[in-house]
Amino acid sequence: MIGRINPLYILGGVSVLLLISILSLYSIKSNYTDAKIKYKETKELTTKLVALKRLYSKRFILPRKYNSSVEVTHSGATTKLYAQKINLQELNSLMKYIINSTYQIQSFKIEKISKTKATLKMDIK
Amino acid sequence: MFSKYKNNAKTIFLDPIFYTQYTLSKEEKLDIILSPSLYWVQKVVIPVKTTREAKKLLESVFDGVLLEGDYSYDLYKDGEYFFAFAYENQKILKALKDANIETQNINNIYFAQKELQNIDGAFEINKKQVIYKKDGIIMLLPPSLKGDDEYEELDLSHIQLSKHTIKLKYKKSYKKNITQSDLKLLKPIMLVFILSMMFFAQYYITSQQTTEIVKKTQNLFASNHLKSTTIQNKSMLLRYTNIQKRQDNIREYLSTLLSFRLTQDEHISKIKLNGNTLRVELENTTPNTQTYIQKRLAKKHIKYTIDTKQNKTILEISI
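So the sequence lines, in the order shown, correspond to chains A and B.
Heads up: the first sequence is residues 946 to 1070, going by the working numbering.
Heads up: the second sequence is residues 99 to 417, going by the working numbering.
Some clues are possibly wrong.
[Claimed, not checked] Heads up, simulated DSSO-like pairs for lysine-lysine below, C-alpha to C-alpha not over 30 Å straight-line: (1) K1066/A with K401/B; (2) K393/B with K1041/A; (3) K981/A with K325/B; (4) K401/B with K1041/A; (5) K285/B with K108/B; (6) K983/A with K325/B; (7) K1054/A with K325/B; (8) K401/B with K974/A; (9) K985/A with K232/B; (10) K1057/A with K325/B; (11) K1054/A with K393/B; (12) K175/B with K313/B; (13) K398/B with K983/A; (14) K1003/A with K407/B; (15) K1030/A with K1062/A; (16) K1070/A with K343/B; (17) K974/A with K325/B; (18) K1041/A with K343/B; (19) K175/B with K124/B; (20) K231/B with K267/B; (21) K332/B with K993/A; (22) K1030/A with K195/B; (23) K267/B with K195/B; (24) K998/A with K231/B; (25) K983/A with K343/B; (26) K1054/A with K370/B; (27) K393/B with K1060/A; (28) K343/B with K1054/A; (29) K189/B with K225/B; (30) K153/B with K1025/A; (31) K1060/A with K370/B; (32) K398/B with K1054/A; (33) K393/B with K1003/A; (34) K232/B with K983/A; (35) K398/B with K1041/A; (36) K313/B with K981/A.
[To be verified] Partial chain B-side listing against chain A, Cβ under 7 Å, derived: (37) Q119; (38) F291; (39) Y301.
Treat the hints as calculated values from the structure; they're not laboratory data.
Note that CB positions come from ideal geometry on N, CA and C, so glycine has one too.
All chains should be built: construct the whole structure from the sequences, respecting the hints.
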C-alpha cells in the first residue's frame, strides 16, 4: 500500500551503479590508452611516410647546362638520360648533382670511351 | 478479498487532537476513519453526469473556502448530490505519526462522512468528542460544547465499511518517514552514488577524449593524403624505406668507389648498376691497388666479389 523502497535496495542499486561505472571507466580508459598509442604510432608513421614520399617522389629536372650533352626522355614515371659522348668533367659534375639530390636511381651505365669522354645511360624514377 | 482484509483489520477513528497512541506489530492492520477535523466536505449539486467529470471541477467547488495549504481532492455521488472532499496529506500523515501508526499498519483510509453517514443521533467517538449528523454532513461537536451530557459510545467494530478509500501521497512527507536505520544508510548511499557519478563523469570526459583522439588519428591520414587504413600506409612506408635503403646504398658505394686512390695509369673504365648489382671495371690495376681496394671495401663492410684478370679488376657489389 505504501510505496516506500527499502533503503538497503537503494544501497544495492547504487552499488550496482558504482560497479557499472567502475567497469565502464576501466573499459574506456583502456580504449583511450589504445587510441593514444595508435595516434602516436600513426603520427610517427605519417611523419616518416610523408617525408619519404616527398623525398622520393620528386620529378627529375636536368640543369640547363647539361642540355647540350645529355638527352632526356620520359617513359611513364621513369626519366631516361642518355649521353653518347660526354666530357668526363661534365659527367663528374652531373653525377655529383644526381647523387646529392634524392632522385631514385633505377639503373645506370657509364663507360669510358676515351681519355676525356664517356657514354652515359641512366634511368631515374 | 475485501472481506478478508476487513476481518483482519481493526477499525479506528483518527483525530488530530484527541488520539490514542497505538503499539502495533508489523502484522497488525488498521482501517482508519478520518475525523472531520482532517478534511473539508461540501455537499453540492454539480451539473454533470459522471463522477469523472465532477472531479475536474473539484478545485472550484472549494474556491475561497479553504485555508492556505496543499490539498488533494476527492468526491462521491449520493443521489442528486455530490460530496466533495479536500484534505491535506501532510496533516493526515502527521496525525498518523502522532498516533504511532506506521504506514505498514494501514489497511485502508476512509472519510467519516461516508462511513458514518447512517448514524442516527449523536455518539461519543472518543472520551472528549461527540459526532453527529446535521443536514447530511457528519460533524464533530467541539469538546467545549460537549457539556456534561452523556452519549452512547459509537461502536466502530460493527461498521460496514464502504469501498471508498483514499490513497495518501507520501512524496512530500518522505523526510519525516525516514527512520534512524534509514539515516545510517543515507551516508553510504550518498557516498556510493557520488562516487558513481564521479566515475560516470570521468567516463564521459574520457569518452570525449577518446573520440577526439580517434578523429585526430583519422585526420592525420586525410590531411596528409594517405591511404585510409594503417595497414596500407605501413605497407607504403615499408616500400619507401626499402627505396631509401637502396638509394643510400647506391650513393654510399659510388662514393667509396670514386674515392679510390688510383695511380696515373689505373682508371675506372665502366660502372653499371643493373637490378641490385653494381658492377665496376678497373683497368691497369696493380696487385697493390687490388689489395688496397679489398681493404677499403672490407673496412666499409661492403659485400663484394672481385675478379682479377691480368691487370683488369672486376668488382661486383650487391646493393
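Next on the checklist: For K983/A and K325/B, compute the direct alpha-carbon distance and say whether it is at most 30 Å.
Outcome noted: 16 Å, holds
Next on the checklist: Can you confirm whether the C-alpha distance between K175/B and K124/B stays at or below 30 Å?
Outcome noted: This hinted pair is violated, its Cα atoms lying about 35 Å apart.
Item to check | 30 Å limit on alpha-carbon distance, applied to hinted pair K153/B and K1025/A | outcome: Violated, because 99 Å separates the two Cα atoms, which is more than 30 Å.
Next on the checklist: Please verify whether K1054/A and K325/B have alpha carbons no more than 30 Å apart.
Outcome noted: The hint is violated at about 36 Å.
Checklist entry - Taking only the CA atoms, is the gap from K401/B to K1041/A under or equal to 30 Å? => result 24 Å, holds
Item to check | Pairwise hint evaluation, K1062/A against K1030/A, where the allowed Cα distance is 30 Å at most | outcome: At roughly 6 Å apart (the allowed maximum being 30 Å), K1062/A and K1030/A satisfy the hint.
Next on the checklist: Given the hinted pair K175/B and K313/B, is their Cα-Cα distance within 30 Å?
Outcome noted: The hint is violated at about 68 Å.
Checklist entry - Quick one, are K1041/A and K343/B close enough, alpha carbons at most 30 Å? => result 19 Å, holds
Checklist entry - Within a Cα-Cα threshold of 30 Å, do K393/B and K1060/A meet the stated pairing? => result Holds, at roughly 28 Å.
Next on the checklist: Does K195/B sit within 30 Å of K1030/A, going by the straight-line distance between their CA atoms?
Outcome noted: Roughly 118 Å between the alpha carbons, so the hint for K1030/A and K195/B is violated.
Checklist entry - Going straight from one Cα to the other, do K401/B and K974/A come out at no more than 30 Å? => result 51 Å, violated
Checklist entry - Quick one, are K1060/A and K370/B close enough, alpha carbons at most 30 Å? => result Distance ~19 Å between K1060/A and K370/B Cα, so the pair holds.
Checked against the numbered hints above, the structure breaks hints 5, 7, 8, 9, 10, 12, 13, 14, 19, 22, 24, 30, 33, 34, 37 and satisfies the rest.
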